[in-house]
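Undergrad: So you can see what is in the structure, the chains are spelled out below.
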Amino acid sequence: MTGPGEGVQGNVWRSWQGLGGRRWIPVLVLAAALPFAIDNQPFDVSSRYLLIVAATCAAFASLALGLNVVVGYAGLLNLGYVAFFGIGAYTYAIVASVQAGRHWPPVLGLLLAGLVVAVVAVLLGLASLRLRGDYLAIVTLGFGEIVRQLMVNLDRPIDITGGLNGILGIDPIAVGGLQALGDQDYYYLLVGFCALFVFVMLRWERSRVGRAWMAIRDDELAARCMGVNVLGFRVMAFTAGAVVAGLTGVIYYSWRASVFPSSFTINDTVTVFMMVILGGMGSIPGVILGAIGITVLEEVLRPYGEYRFVIFGIALVLLMRFRPQGLLGRFSFRPRPRPGPPAEPAEEDVAAAPEATA
Amino acid sequence: MTAVLQVRGLSHSFGALTAVSGLDLDVGEGEIVSLIGPNGSGKTTTINVISGVYRPSAGRVVLDGSDLTGHAPDVVAGRGVMRTFQNIRLFPQMSVLDNVLVGAHGRLPVGPLGAVLRTPRVRRAEREAMEEAEELMGIFGERLRPRRHDPVVSLSYANRRRTEICRALMGHPRVLLLDEPAAGMNPSETLELAGQVRAIRGRGVNVLLIEHHMQMVMDISDRVVVMDHGLKIAEGRPAQVAADARVIEAYLGRRAAAAAE
Amino acid sequence: MDLALHQIPQQVVNGLVLGSMYALIALGYTMVYGILEMINFAHGDVYMAGAFLGWGVTLLLVRGGFPVVAAGLVILAMFLVAMLGAGLLGVTIERLAYRPLRGGHRLAPLISALGVSIFLENIVSAQFGARAQLVPTAHVLPGWQVSLGSATVSFVDGLVVVVALGLMVALDRFVRRTRYGTAMRATAQDREAAGFMGIRVNQVIAVTFLLGSALAGIAGILAGLLYTEVDFFMGYLAGLKAFTAAVLGRIGNIRGAVLGGLLLGMVEAVSTPFVNGAYVNVVSFLVLILVLLIRPSGLLGEQLPDKV
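Residue numbers (the numbering used here), protein chains in the order written: chain A, 1 to 358; chain B, 1 to 261; chain C, 1 to 308.
Here chain A stands alone, though its shape is the one from the complex (with noise of 0.2 angstroms):
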């Protein structure tokens, strides 16, 4: 990554990593044509599956953006992370679902989940990020253990989360008399949501606020002394993507008509985890393909059961040591690198001198 002629390597990575709003919309368009590709695909596999696992992706690609934010720009390791989907997902089933008796008008369920997430998320940043990165990782750990728990156990005196068994009959998102039905519905809800997440982090990254979260990252201290709230800025990041997960959730377990606490553990943490690794810290495209490739690869790797789940083990502690910056990453938690030997030679700066302003 260094070495003379490094300026028009520069460039190159630069207008890769650019990848502006005008860009996407040919990603948009090949999205949106998709359900009627697979309805017409030559192949033999079953177009409802594909359909299934399309719209599975786009669910998967928002909660890899959210977690992108939180670990990729701001550097905070939030092992609980898949709790906050859970949360979205479980409080709007409590509000509107047959089990539990309930049938708000889902866009109010839907907000609901949205703040109790939202809550849920600057009350735990307040407290732990404080903490340094692997004692944050730890109490988030924690915390989604403790979600999980809540999750079994909040079924006795009163049934609120339906113990092991989750709640069933989760009413399909509507907005005024239109209801989202079947796989097709809910795939364009997906991915518009997706779509939303992918513009609004377009937009932070290349502004004040996406700067101050990488400041952060990189040297705590130093953003500090340039002006930088620290915590306000990692409450920021890590209810943003608390918030993108809770609102995933609601809709992608308002597609399954479903919710269970088995979804929730340790396991689901590392798969979104992988996403934004592989896929590469910091990218958007990068961190989308990544949640493409691992729902696909997790498909296909089904029928071995939770050996998929050592392929991704040791895949993890492979990326580390070799790409820790994925495919498309713009930032690793790789080697600091220290000031060493300079890149270039200190002739050059020399030659150059006149042109010193005085």
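Honestly, I wouldn't trust all of these hints.
[What the hints assert, rightly or not] Derived contacts from chain C toward chain A, CB cut-off under 7 angstroms, selection only:
1. 97
2. 105
3. 110
4. 111
5. 115
6. 118
7. 122
8. 123
9. 125
10. 129
11. 132
12. 278
13. 282
14. 289
15. 292
16. 293
[What the hints assert, rightly or not] Sample of chain C residues with no beta-carbon within 10 angstroms of chain A, all distances over it, derived:
17. 10
18. 80
19. 81
20. 96
21. 134
22. 161
23. 165
24. 169
25. 193
26. 194
27. 197
28. 201
29. 266
30. 276
Worth flagging that the hints you see were computed from the coordinates, not collected in a lab. Quick reminder that beta carbons are idealized off the backbone N, C-alpha and C, glycines included.
For this one, chain A is given, so just place chains B and C on it according to the hints.
TA: Then chains B and C, alone, in the frame of chain A:
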């Protein structure tokens, strides 16, 4: 004329080790003040206290009449004190331009909502910041500008120092704290830097400079403050201080001081 | 309430037993953190591996038809196998997943450790399923019991406490009184300087992992004997709690880990009659979060300033 930056009775200890003791220091309007002294005399600790990284055990730091003592670094930066670091603390995974832009963080009115909506106000603020970053990088000729999108770790040591200075200037500071900016630079680079620090002063930024390159200190300082073992042992115009026996003794020992007389 | 009070002596015994185990595991966390400033995420799963190894040996020997008289030998064999196995596992993990990342970003080894943890947990759950496996302790352990007031102390209880305390004392002696132990402490304080003094740092780190993992392995067998079952998830839970214990006592401090472990065990045991079963875990995790937020330097530590 009251000084822009006033330090009174500053003391700071690390456990049993007293790093700074009873320091009084002023930086006046339009001044370049140099803080010198042998290694371990407490210069960087002083800068760390002024910038809010440490909370002093005693003393006050006042900027334009408002008390900065003990406030967090981001608050201090917001009030108008920006700094560079002895060991260069740039953001390694960001580009040169992005590094510089972070310096303006405190004064850009762009929050998470604004960044998404990109109102005219936000767009203007970001554009102006970009233009100013370009202009600041221009202080160093064409060293930084062509490399603005390069990862900052690919730059030479000297260019990294220059980037750090630009970053600090983006904050429109009243006082700029430079911690050994010429460290690792060769004589011609140091000469150039001296001129650039003067240019910075010409833009209305007052400078407190820690340096070991004596030639540079003598050339550009309006006043020099000398520390040794945490105490201020001399203060005055460069020539005065250079001839001061206590200063010579601190650097070179008692016999050299006697020989000088 | 009367019933609960009546239970307290028993819970104190339970607390001691539980605490001893947490302490054993916590030692591994604290030693590794002291020397590498890294949380060895996979440590809990090494404990689990030890438990499964112990279970495997027990099964083999029981099916091989050992007479109860040879129970002592069986237990000894179990310990040795688990100790060696877990120790080797720990050293291998360090060599493959942590050492290559040394000197880099501090979060990289943590993610690598996460990968190792997932690997171990899922290999076991893929192989043996999610349900717990029963350890045939009846064939292996004497069924002695002793009564202390209203508390009953079984052979296993005593075994756990005696073995754990014995090992902890041995470790303490080793670290404080031997030359190698001094080398370990030196490396923990300043790795670079230790290297300059001629200490083989890589070797010291490997030995640290060996010892910590061996202790965890033994804790695993003891857990298997105590609870008569092992499952793939036991390491995750116990690991989090043992880490809590290590932090509680002051991370990096060996005696602190013992103190923290015993304390946490007591807290858990004493709260068991008052709190619904599964929520006991929640209590422990809350303790973790509270300790990290309020007093991260632990009960024995002082507030450490940040280095600039």
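Undergrad: A separate judgement is required for each hint: does it hold in the structure or not?
TA: Going down the list of hints, with the structure as the test:
For residue 97 (chain C), the shortest C-beta to C-beta distance to chain A is roughly 5 angstroms, which falls under 7 angstroms, so the interface hint holds. Hint on residue 105 (chain C) holds. Least Cβ distance to chain A is approximately 4 angstroms, under the 7 angstroms limit. Here the hint on residue 110 (chain C) is kept, as its CB sits about 5 angstroms from the closest CB of chain A, short of 7 angstroms. Satisfaction of the interface hint for residue 111 (chain C) is found here, the shortest Cβ-Cβ separation to chain A being roughly 5 angstroms, below the 7 angstroms cut-off.
Of the supplied interface hints, the one on residue 115 (chain C) holds, with its beta-carbon coming within about 3 angstroms of a beta-carbon of chain A, less than 7 angstroms. For residue 118 (chain C), the interface hint holds, the least distance from its beta-carbon to any beta-carbon of chain A being 4 angstroms, beneath 7 angstroms. Look at residue 122 (chain C): its Cβ gets to within about 4 angstroms of chain A, closer than 7 angstroms, so that hint holds up. The closest approach between the C-beta of residue 123 (chain C) and any C-beta of chain A is roughly 5 angstroms, which is under the 7 angstroms cut-off, so the hint is satisfied.
Given the 7 angstroms rule on beta carbons, the hint for residue 125 (chain C) holds: about 5 angstroms separates it from the nearest Cβ of chain A. At its closest, the beta carbon of residue 129 (chain C) sits 9 angstroms from a beta carbon of chain A; the interface hint therefore is violated under the 7 angstroms criterion. For residue 132 (chain C), the suggested interface contact is broken, since its CB lies about 16 angstroms from the closest CB of chain A, more than 7 angstroms. Restraint check, residue 278 (chain C) versus chain A: the minimum CB separation of about 5 angstroms is within 7 angstroms; hint holds.
A least Cβ separation of about 5 angstroms between residue 282 (chain C) and chain A falls short of the 7 angstroms threshold, and the interface hint therefore holds. With a least beta-carbon distance of about 6 angstroms to chain A, the hint placing residue 289 (chain C) at the interface is held under the 7 angstroms criterion. With a cut of 7 angstroms, the hint placing residue 292 (chain C) at the interface with chain A holds, because the nearest CB-to-CB distance is about 6 angstroms. A hinted interface residue such as residue 293 (chain C) counts as satisfied when its beta carbon comes closer than 7 angstroms to some beta carbon of chain A; here the least separation is about 6 angstroms, so the hint holds.
With a closest Cβ-Cβ approach of about 24 angstroms to chain A, residue 10 (chain C) is found to remain outside the 10 angstroms limit, as its non-interface label requires. Once the 10 angstroms rule is applied to beta carbons, residue 80 (chain C) is consistent with being away from chain A; the minimum gap is 28 angstroms. Consistency note on residue 81 (chain C): stated as away from chain A, and its beta-carbon is indeed over 10 angstroms from all of that chain's, at 23 angstroms minimum. Remark: the non-interface label on residue 96 (chain C) conflicts with the geometry, its nearest Cβ contact in chain A lying 7 angstroms away (cut-off 10 angstroms).
Every beta carbon of chain A lies more than 10 angstroms from that of residue 134 (chain C), the smallest distance being close to 21 angstroms; the non-interface claim holds. With a cut of 10 angstroms on Cβ distances, residue 161 (chain C) stays outside the contact zone with chain A, its closest approach being about 27 angstroms. Taking the minimum C-beta to C-beta distance to chain A, about 27 angstroms, the non-interface status of residue 165 (chain C) holds against the 10 angstroms cut. No beta-carbon of chain A comes within 10 angstroms of the beta-carbon of residue 169 (chain C); the shortest separation is about 28 angstroms.
With a closest Cβ-Cβ approach of about 19 angstroms to chain A, residue 193 (chain C) is found to remain outside the 10 angstroms limit, as its non-interface label requires. Against the 10 angstroms criterion, residue 194 (chain C) stays outside the reach of chain A, whose nearest CB is about 21 angstroms from its own CB. In this structure residue 197 (chain C) is separated from chain A by more than 10 angstroms, as the shortest Cβ-Cβ distance comes to about 23 angstroms. Here residue 201 (chain C) stays apart from chain A, with its beta-carbon at least about 18 angstroms from theirs, past the 10 angstroms limit.
Residue 266 (chain C), annotated as away from the interface, keeps every beta carbon of chain A farther than 10 angstroms; the closest lies near 20 angstroms. Its closest Cβ contact with chain A, about 7 angstroms, brings residue 276 (chain C) to no more than 10 angstroms, contrary to its assignment away from the interface.
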